[in-house]
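Asks: Based on the provided sequences and hints, a complete structural model is requested.
As given, the protein sequences belong to chains A and B, one line each in that order. Each residue of the first sequence is one higher than the last, beginning at 0 in numbering that gives the first Met the number 0. Each residue of the second sequence is one higher than the last, beginning at 0 in numbering that gives the first Met the number 0.
Hints were generated in silico from the structure; no laboratory data involved. Given the structure is predicted, the values throughout are model-derived calculations rather than measurements. Hints are not guaranteed to be accurate.
Claimed, not checked - Chain B regions said to be covered by chain A (calculated; three or more residues, Cβ under 8 Å): (1) 20 to 32; (2) 284 to 295.
What the hints assert, rightly or not - Think about it this way: if two alpha-carbon atoms lie no more than 27 Å apart in a straight line, the pair counts; the simulated DSSO-like pairs of lysine-lysine are: (3) B:Lys269 / A:Lys126; (4) B:Lys132 / A:Lys130; (5) B:Lys188 / A:Lys130; (6) B:Lys269 / B:Lys288; (7) B:Lys269 / B:Lys188.
For glycine and all other residues, C-beta sits at the position ideal for the given N, C-alpha and C.
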Amino acid sequence: MSEKAESKSEKAGAKKDERPKGPLDAFRDLVGQWERGVNQIANEAMGNEQFSRLMHGATSAAAGAKAGLGDAMERYLATMNLPSRADITSIGERLQAIEAQLNRLTEIVSTMATVDTAPASLAPKPKRTRKPPARNSGAKP
Amino acid sequence: MSAAQDTAERLRREVDLAIQRGFKGVNYLTSGAPEVGQSRKDVLATRGTMRLYHYHPLVDEVYRVPVLIVMATTNRGYILDLAPGNSFVEYLLKAGYDVFMLDWAAPVPAEKNLRIEDYVLDFIPDCLRRIRKETGENDVSIAGYCFGGVLSLLFTALAGKEGPKNLVCFTTPIDFKQMKLFQNWSSQKHFDVDRLVDTYGNVPPEMIHSSFEMLRPASRAAAQVTLWDNIWNDEFVRGYRQLDRWGNDTLPLAGEYFRQTTKELMWGNKLFTGELTIGGKRVDLGAIKQPILHAVAEHDHIVPYEAARHLIARVGSKDKTEVILKGGHVSLLAGPNAARRMWPKLDEWLGERST
Numbered sequence: 000m001s002e003k004a005e006s007k008s009e010k011a012g013a014k015k016d017e018r019p020k021g022p023l024d025a026f027r028d029l030v031g032q033w034e035r036g037v038n039q040i041a042n043e044a045m046g047n048e049q050f051s052r053l054m055h056g057a058t059s060a061a062a063g064a065k066a067g068l069g070d071a072m073e074r075y076l077a078t079m080n081l082p083s084r085a086d087i088t089s090i091g092e093r094l095q096a097i098e099a100q101l102n103r104l105t106e107i108v109s110t111m112a113t114v115d116t117a118p119a120s121l122a123p124k125p126k127r128t129r130k131p132p133a134r135n136s137g138a139k140p
Numbered sequence: 000m001s002a003a004q005d006t007a008e009r010l011r012r013e014v015d016l017a018i019q020r021g022f023k024g025v026n027y028l029t030s031g032a033p034e035v036g037q038s039r040k041d042v043l044a045t046r047g048t049m050r051l052y053h054y055h056p057l058v059d060e061v062y063r064v065p066v067l068i069v070m071a072t073t074n075r076g077y078i079l080d081l082a083p084g085n086s087f088v089e090y091l092l093k094a095g096y097d098v099f100m101l102d103w104a105a106p107v108p109a110e111k112n113l114r115i116e117d118y119v120l121d122f123i124p125d126c127l128r129r130i131r132k133e134t135g136e137n138d139v140s141i142a143g144y145c146f147g148g149v150l151s152l153l154f155t156a157l158a159g160k161e162g163p164k165n166l167v168c169f170t171t172p173i174d175f176k177q178m179k180l181f182q183n184w185s186s187q188k189h190f191d192v193d194r195l196v197d198t199y200g201n202v203p204p205e206m207i208h209s210s211f212e213m214l215r216p217a218s219r220a221a222a223q224v225t226l227w228d229n230i231w232n233d234e235f236v237r238g239y240r241q242l243d244r245w246g247n248d249t250l251p252l253a254g255e256y257f258r259q260t261t262k263e264l265m266w267g268n269k270l271f272t273g274e275l276t277i278g279g280k281r282v283d284l285g286a287i288k289q290p291i292l293h294a295v296a297e298h299d300h301i302v303p304y305e306a307a308r309h310l311i312a313r314v315g316s317k318d319k320t321e322v323i324l325k326g327g328h329v330s331l332l333a334g335p336n337a338a339r340r341m342w343p344k345l346d347e348w349l350g351e352r353s354t
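Replies: Listed below in structure tokens is the structure:
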């Protein structure tokens, strides 16, 4: 789960210029009020059962249309002796699976062989002896 | 300064800003996507949707116990590594942690059958095995964000001695009945999750994206106005674009995983009632004995406090802490406010448990 708009306005807003009040400040306040007001009203509207029913009616219709269109298109492509999107995707997945197998084999071979071409992670590692700093100083890392 | 002079000065400033907006607006429209996720890292493993990163340490001496960040399955992990100087990962590295991240790529159609079991009993344990091998340390801390927190919680409850040394959860819901709007939208009465999953396979990212946008439908438009207002401010625009890129980079969800989440958690609320079973084992939060920190945001509109508040009471740990900080679902962990509030708080808690 995540969020978008909250983060954009809130987080980016934290860096906004703290300039003195200007002629557009009333407009800015208005935008803020509008945002809060619309969000609140919309949340109330979207919280009722009717909205849920309408929303899922639309989702269901879209899913039904997609399924119907997909079937028809697949039959058409089969008639034309052409691969469907599903066929192409399936070939892509097969290639990915082969690639993954190759990666696994490469990994095994790398582990078995003592090679000098060590990745960066095998470069000298830092000591694992760090202790937490005294906390009363409030120092940042 | 007289009132007339003051007004003239303000007007002059607004005209100046309007001119700058014109120039910078052209820059904004013509420049490329901002770079994100710039901390140096090795990709330790890629397996289907799973990605395990190991970030390069930035100090000569690190804490003994490495930390694995488990990202939410709906979004990319670079929200925690937006840019140098504005990165949770970079903060942890500088503070002396050996940092790993379990991030997710978009599941391909063949992965539509992935279930919660695959995430909890396969991906997370696999990452821990690799981290233990990489570091030579048996102890590992886990820090899960949002649904990554739920997965981490489930894993820890089921893992017994194989579990993490410490567990950190950020904005992690356990009482799904309290996520009111999501509850209404996924109402069992109207939402035919079987039809959706059977039709699409994986749940399309646009659907996930829209459901988050709908929580605050006016905020995108308001954010655009705020962007226009501040477009002369390079720092603001940089932050906006990084977040905008991330916000639009929603991942699809594996179909079975979504079906299971909807039925077991949204409809059945089984994690809260103690009836959830994963891989044939009942999930008992009381079985979690590790030190645990749960951080929640005061103004989180995705995971409201009511949905998260029982976590700490339910776990069996003696060493358990809940912190409630100002901010929203994302700003709790990313951005300038997080850098001031959450990151130092986490460092303080985790540092003394990582030796």
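Asks: Next step is simple, just say for each hint if it's right about the structure.
Replies: Evaluation of the provided hints:
| no. | hint | result |
| --- | --- | --- |
| 1 | 20 to 32 | violated (count 0) |
| 2 | 284 to 295 | violated (count 0) |
| 3 | B:Lys269 / A:Lys126 | 44 Å, violated |
| 4 | B:Lys132 / A:Lys130 | 23 Å, holds |
| 5 | B:Lys188 / A:Lys130 | 55 Å, violated |
| 6 | B:Lys269 / B:Lys288 | 21 Å, holds |
| 7 | B:Lys269 / B:Lys188 | 18 Å, holds |
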